[in-house]
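There are 2 protein chains.
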Amino acid sequence: MSGYNVAVLGATGMVGQEMLATLSRRKFPVKDIKLLASARSAGGTQSWEDREYPVELAEPAAFRGVDLVLSSAGEAVSRELAPAAVEAGAVVVDNTAEFRMRDDVPLVIPEINAEACRQHRGIIANPNCSTAVVLMPLAPLRALGKLERVVVATYQSTSGAGKEAVVEMEEQIHMQMHGKEVPPAVFRKPIAFNLIPAIGSFREDLYTSEEVKMTFESRKIMGIPDLAVTCTCVRVPVRVGHSAAVNVVFDRPVSLEDVRAILAQAPGVRILDDPASHLYPTPLECAGEDDVLVGRIRGDLSHPNGVNFWVAGDNLRKGAALNAVQIAEVLVRDGLLKPAAVRPVPS
Amino acid sequence: MSGYNVAVLGATGMVGQEMLATLSRRKFPVKDIKLLASARSAGGTQSWEDREYPVELAEPAAFRGVDLVLSSAGEAVSRELAPAAVEAGAVVVDNTAEFRMRDDVPLVIPEINAEACRQHRGIIANPNCSTAVVLMPLAPLRALGKLERVVVATYQSTSGAGKEAVVEMEEQIHMQMHGKEVPPAVFRKPIAFNLIPAIGSFREDLYTSEEVKMTFESRKIMGIPDLAVTCTCVRVPVRVGHSAAVNVVFDRPVSLEDVRAILAQAPGVRILDDPASHLYPTPLECAGEDDVLVGRIRGDLSHPNGVNFWVAGDNLRKGAALNAVQIAEVLVRDGLLKPAAVRPVPS
Numbered sequence: 001m002s003g004y005n006v007a008v009l010g011a012t013g014m015v016g017q018e019m020l021a022t023l024s025r026r027k028f029p030v031k032d033i034k035l036l037a038s039a040r041s042a043g044g045t046q047s048w049e050d051r052e053y054p055v056e057l058a059e060p061a062a063f064r065g066v067d068l069v070l071s072s073a074g075e076a077v078s079r080e081l082a083p084a085a086v087e088a089g090a091v092v093v094d095n096t097a098e099f100r101m102r103d104d105v106p107l108v109i110p111e112i113n114a115e116a117c118r119q120h121r122g123i124i125a126n127p128n129c130s131t132a133v134v135l136m137p138l139a140p141l142r143a144l145g146k147l148e149r150v151v152v153a154t155y156q157s158t159s160g161a162g163k164e165a166v167v168e169m170e171e172q173i174h175m176q177m178h179g180k181e182v183p184p185a186v187f188r189k190p191i192a193f194n195l196i197p198a199i200g201s202f203r204e205d206l207y208t209s210e211e212v213k214m215t216f217e218s219r220k221i222m223g224i225p226d227l228a229v230t231c232t233c234v235r236v237p238v239r240v241g242h243s244a245a246v247n248v249v250f251d252r253p254v255s256l257e258d259v260r261a262i263l264a265q266a267p268g269v270r271i272l273d274d275p276a277s278h279l280y281p282t283p284l285e286c287a288g289e290d291d292v293l294v295g296r297i298r299g300d301l302s303h304p305n306g307v308n309f310w311v312a313g314d315n316l317r318k319g320a321a322l323n324a325v326q327i328a329e330v331l332v333r334d335g336l337l338k339p340a341a342v343r344p345v346p347s
Numbered sequence: 001m002s003g004y005n006v007a008v009l010g011a012t013g014m015v016g017q018e019m020l021a022t023l024s025r026r027k028f029p030v031k032d033i034k035l036l037a038s039a040r041s042a043g044g045t046q047s048w049e050d051r052e053y054p055v056e057l058a059e060p061a062a063f064r065g066v067d068l069v070l071s072s073a074g075e076a077v078s079r080e081l082a083p084a085a086v087e088a089g090a091v092v093v094d095n096t097a098e099f100r101m102r103d104d105v106p107l108v109i110p111e112i113n114a115e116a117c118r119q120h121r122g123i124i125a126n127p128n129c130s131t132a133v134v135l136m137p138l139a140p141l142r143a144l145g146k147l148e149r150v151v152v153a154t155y156q157s158t159s160g161a162g163k164e165a166v167v168e169m170e171e172q173i174h175m176q177m178h179g180k181e182v183p184p185a186v187f188r189k190p191i192a193f194n195l196i197p198a199i200g201s202f203r204e205d206l207y208t209s210e211e212v213k214m215t216f217e218s219r220k221i222m223g224i225p226d227l228a229v230t231c232t233c234v235r236v237p238v239r240v241g242h243s244a245a246v247n248v249v250f251d252r253p254v255s256l257e258d259v260r261a262i263l264a265q266a267p268g269v270r271i272l273d274d275p276a277s278h279l280y281p282t283p284l285e286c287a288g289e290d291d292v293l294v295g296r297i298r299g300d301l302s303h304p305n306g307v308n309f310w311v312a313g314d315n316l317r318k319g320a321a322l323n324a325v326q327i328a329e330v331l332v333r334d335g336l337l338k339p340a341a342v343r344p345v346p347s
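Residue numbers (my numbering), protein chains in the order written: chain X, 1 to 347; chain Z, 1 to 347.
Keep in mind the hints are simulated off the structure, nothing from the lab.
Certain hints may be false.
[Unchecked claim] The list that follows gives simulated cross-link-like pairs (lysine-lysine, DSSO-like), each with its CA atoms no further than 27 Å apart:
hint, chain 1, residue 1, chain 2, residue 2
1, Z, 180, X, 163
2, Z, 163, X, 189
3, X, 180, Z, 180
4, Z, 338, Z, 31
5, X, 180, Z, 163
Next comes chain X alone, as it looks inside the complex:
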């Protein structure tokens, strides 16, 4: 049987599960699959395509014979294990922040910069979930003019923080409706009927790590080193789907007709924008969809060259697993992934 030996690192997590489902749904040429997890989650079995697979301990030896690793087990795990996987001859598509800003690691959204995959030296980084969702409609708009400045406010679902975070939200909501409080554990503050305007860790400049990802990853993916982006990232009591209010100022006036024409043709983007019919993207509507939904496309009362839009995308799909599998598909298509059978044996 032809195809690739694929390892999913972090196979028991929400993104890992979605990676497995996406490989199957998109008929990625899998020869054999390996489910890897940290000591906490390893052991037992998990089914994939009607077969049971053991969930094995993620350790360097596990990558022997593996061609492709889809990794989403946290930065520390990627830091330790991605080099080992590369050493073993695999290509790693890494969904953590660990390698994203490294000069020798391409950071890729295939619809935007698939060609960057050619520069890979074993690791290709998947962007942050909210960055991926925002860039899907933003990047194509470069055709209309230089992006002078972008102001983003995000509305990020709890699944972006993992399944324990979703459970915490649901428990808090359930107990609160019965008059009881569940103290926060995954989050720093209660998320039930609340918002948390801080995701990730705080930096010296008082931005959060999540917020600067929007700035720096956008620059790298779009190849605009000085792109002016500022962002506020906020956690909202939603299960799946990251949304954002995006304000873009171009270097010239742009027509909404042109914006819509560009977005209508952008792969992976779907316009949902009809005020008369109350059509606009919501998290519930983007959850479980591959396409990123964009709507509320309108001018800008504050700037003649400004455009506002609202975007919602499934953070587990385009924000994580789908994009990772799409990167793997580019590797296959462009001959950048060699099955172990035809690779020189690592010394």
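Based on the hints, put chain Z in the right spot on chain X.
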């Protein structure tokens, strides 16, 4: 007994209830109180300060002998009844959008433009809930330089749409957690575990009525007719508390120390901003508070003259009832409200 005859129009609604509580809490000099409601809600009694009052039908005759009307029963009711109340000799503090943009009606946040009350001709308008929350920290920052441009994204609680909206959210959440759906009625889309990026009605320019309030009311209250403001308004599954991510560009660089110094002295504003201690405003923390909370004060990676902040304020208090009662207090303080006893009898 000295004091004023006060009528609360929309007394059974969330804002009306909060108006009654605020009058009491702030010891507004009430001589007699009158609870008015539409035919749907009139009848029965309601207690205030340990006495029972009938909930009377809101009609022109109800304003006889009334000095002050606090009105929050919707635009149509204000359109019909506010002129009648003025005709009867009362001053109306109106919490609807009906009169806000009229040249002969002051639109007032007392901490910002109390002096505008002097121009009143019977009606003084209370700003929109999200506008009030955002302007509390924004307006004082004018001391640091001209506001070149403001980009706002709101996160507005369901109570901003009335108590039926809160009930709808809670029912939807409750039923959804038991695997059932409750179709939206108050809102256009499900609000449980969701976001609705459209508040109010759509305009021809594709903004919503709620969004342009932020622009036009801000200009009027701050007295900057050409102020550049763009806004996206989003409903979130929160009970009480409107929040907003605000990006401001000044005409010069401003220091964060100066921003903090200004906000620390701004009446009605409280800074909650300490990343090390995970202090930042959340809706749960602003609910039930008079002060508007501001945090996440930081520079702007996209602009040398930019500042970002996050604000959360109780939409029923500073966003509605508190501000209305504060306007009434200004009227009393500045001799702009005359008790019926000393007024000439209307012809």
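Please write out, lowest number first, the hints stated earlier that are contradicted by the structure. none
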